[in-house]
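Enquirer: In order, the protein sequences belong to chains A and D. The first sequence begins at 1 in UniProt numbering and counts up by one. The second sequence begins at 1 in UniProt numbering and counts up by one.
Hints are computed from structural coordinates only; laboratory data are not their basis. Heads up, some of the hints might be wrong.
[What the hints assert, rightly or not] With beta-carbon atoms standing in for the labels, derived distance ranges:
{"no.": "1", "chain 1": "A", "residue 1": "N20", "chain 2": "D", "residue 2": "Y6", "range": "25 to 33 Å"}
{"no.": "2", "chain 1": "D", "residue 1": "S117", "chain 2": "A", "residue 2": "L145", "range": "48 to 56 Å"}
{"no.": "3", "chain 1": "D", "residue 1": "V42", "chain 2": "A", "residue 2": "K84", "range": "42 to 50 Å"}
{"no.": "4", "chain 1": "A", "residue 1": "G62", "chain 2": "D", "residue 2": "V42", "range": "21 to 29 Å"}
{"no.": "5", "chain 1": "D", "residue 1": "V21", "chain 2": "A", "residue 2": "G158", "range": "54 to 62 Å"}
{"no.": "6", "chain 1": "D", "residue 1": "V161", "chain 2": "A", "residue 2": "L4", "range": "17 to 25 Å"}
{"no.": "7", "chain 1": "A", "residue 1": "N20", "chain 2": "D", "residue 2": "I16", "range": "45 to 53 Å"}
Here the structure is a predicted model, which means the values were calculated and not measured. C-beta atoms are modelled at their ideal positions from N, C-alpha and C, and glycine is treated no differently.
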Amino acid sequence: MVNLIWVILFVAGIIFAAINGTMDQVNKAVFDGAKEAVAICIGLMSVLVFWLGLMKVAEEGGILKGLSSLMGPLVRRLFPEVPKDHPAMGYILSNMSANLFGLGNAATPMGIKAMEELKRLNGGKDEATRSMITLLAINTASITLIPTTVISIRLNYGSVSPTEIVGTTILATACSTAGALLIDRYFHYRRTRKRGV
Amino acid sequence: MEWITYLSLWIIPGLIAFILVVATIRKVPTYEMFVEGAKEGVSMAFSVIPYLVGMLVAISVFRESGAMDFFINLLRPALQAVGVPADIVPLAMIRPLSGTGALGMTSDLIAIHGPDSFIGRLASTMQGSTDTTFYVLTVYFGAVGIRKMGDALKVGLLADVIGILAAIIVVTLVFG
Numbered sequence: 001m002v003n004l005i006w007v008i009l010f011v012a013g014i015i016f017a018a019i020n021g022t023m024d025q026v027n028k029a030v031f032d033g034a035k036e037a038v039a040i041c042i043g044l045m046s047v048l049v050f051w052l053g054l055m056k057v058a059e060e061g062g063i064l065k066g067l068s069s070l071m072g073p074l075v076r077r078l079f080p081e082v083p084k085d086h087p088a089m090g091y092i093l094s095n096m097s098a099n100l101f102g103l104g105n106a107a108t109p110m111g112i113k114a115m116e117e118l119k120r121l122n123g124g125k126d127e128a129t130r131s132m133i134t135l136l137a138i139n140t141a142s143i144t145l146i147p148t149t150v151i152s153i154r155l156n157y158g159s160v161s162p163t164e165i166v167g168t169t170i171l172a173t174a175c176s177t178a179g180a181l182l183i184d185r186y187f188h189y190r191r192t193r194k195r196g197v
Numbered sequence: 001m002e003w004i005t006y007l008s009l010w011i012i013p014g015l016i017a018f019i020l021v022v023a024t025i026r027k028v029p030t031y032e033m034f035v036e037g038a039k040e041g042v043s044m045a046f047s048v049i050p051y052l053v054g055m056l057v058a059i060s061v062f063r064e065s066g067a068m069d070f071f072i073n074l075l076r077p078a079l080q081a082v083g084v085p086a087d088i089v090p091l092a093m094i095r096p097l098s099g100t101g102a103l104g105m106t107s108d109l110i111a112i113h114g115p116d117s118f119i120g121r122l123a124s125t126m127q128g129s130t131d132t133t134f135y136v137l138t139v140y141f142g143a144v145g146i147r148k149m150g151d152a153l154k155v156g157l158l159a160d161v162i163g164i165l166a167a168i169i170v171v172t173l174v175f176g
């Protein structure tokens, strides 16, 4: 499906450029897009380096394990395939906590680390497992308690009450997270049924 | 609600201090461990590059050619029929594709309509309640080399639809 969407984005774009006469913009878009992607990766590197370093300290200090035993019982229902004391659990939980507090920058390295552990659990295969899709669903639905970026934009434009959208954001993310988990469960159910279990 | 702004300033420094103090008490060689963990970040960032270049070029071609605007206009009547204000439609469409694009659009909408208008509040809520699915998918799976994505994209995009609808419903109920 990713392959198809990828090709459609290109082909639809090029066909439209031919019709609208915007081919010069498309030429520019190719190189701008590539440049932006590399810039993002370099920007990501600083964040990855710092947070992965700090997470290693947290892991060695037993803080991740503490987090797992504190919040694990709740999250284990979402990730039934992850063994109780597996390091993946600690990373999943720190990823979710970072998202909750709107620390997008810190959430990404932890999410990647969790993916890495989940891949190890799956014998290093290059296919997405059920737990990986669940983790991804939780991240794209973005459970957020404090949307810091939005609050600061609202502050800049002189909002009377910059934080009044916190409540609506929490409600909306709760809905989208619940929705994502239900959809995830449904697809999992369909997959296992197809395999004739 | 002032405390939330203060709290968000304290979270990261507080977390750093907490981790370092606890690790020190438990006799972890903190700086050495930091460097060991941090090393991984370098190779991880590099391994994401091919995935992100592929995805972002496709999205930027789609956007700059005018194809995205065409599809937004195609969907506009249908969305307006369900009560989605026309001005918010482009934001809803771009949110899963481009994080910086969506952030720019949210700022624009807030600048034009005012942060305390219905559209301003809706844009703020939408920005906070969904994430850039294509980016998350590309970075998370790209960094660890997952090639067969299964249903991941479908689940992510459907979650976006729910997030956007939820934002509209909740904001209408609370502020509408």
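Enquirer: Run through the hints listed earlier and report the numbers of any the structure violates, in increasing order.
Expert: 1, 2, 3 and 5
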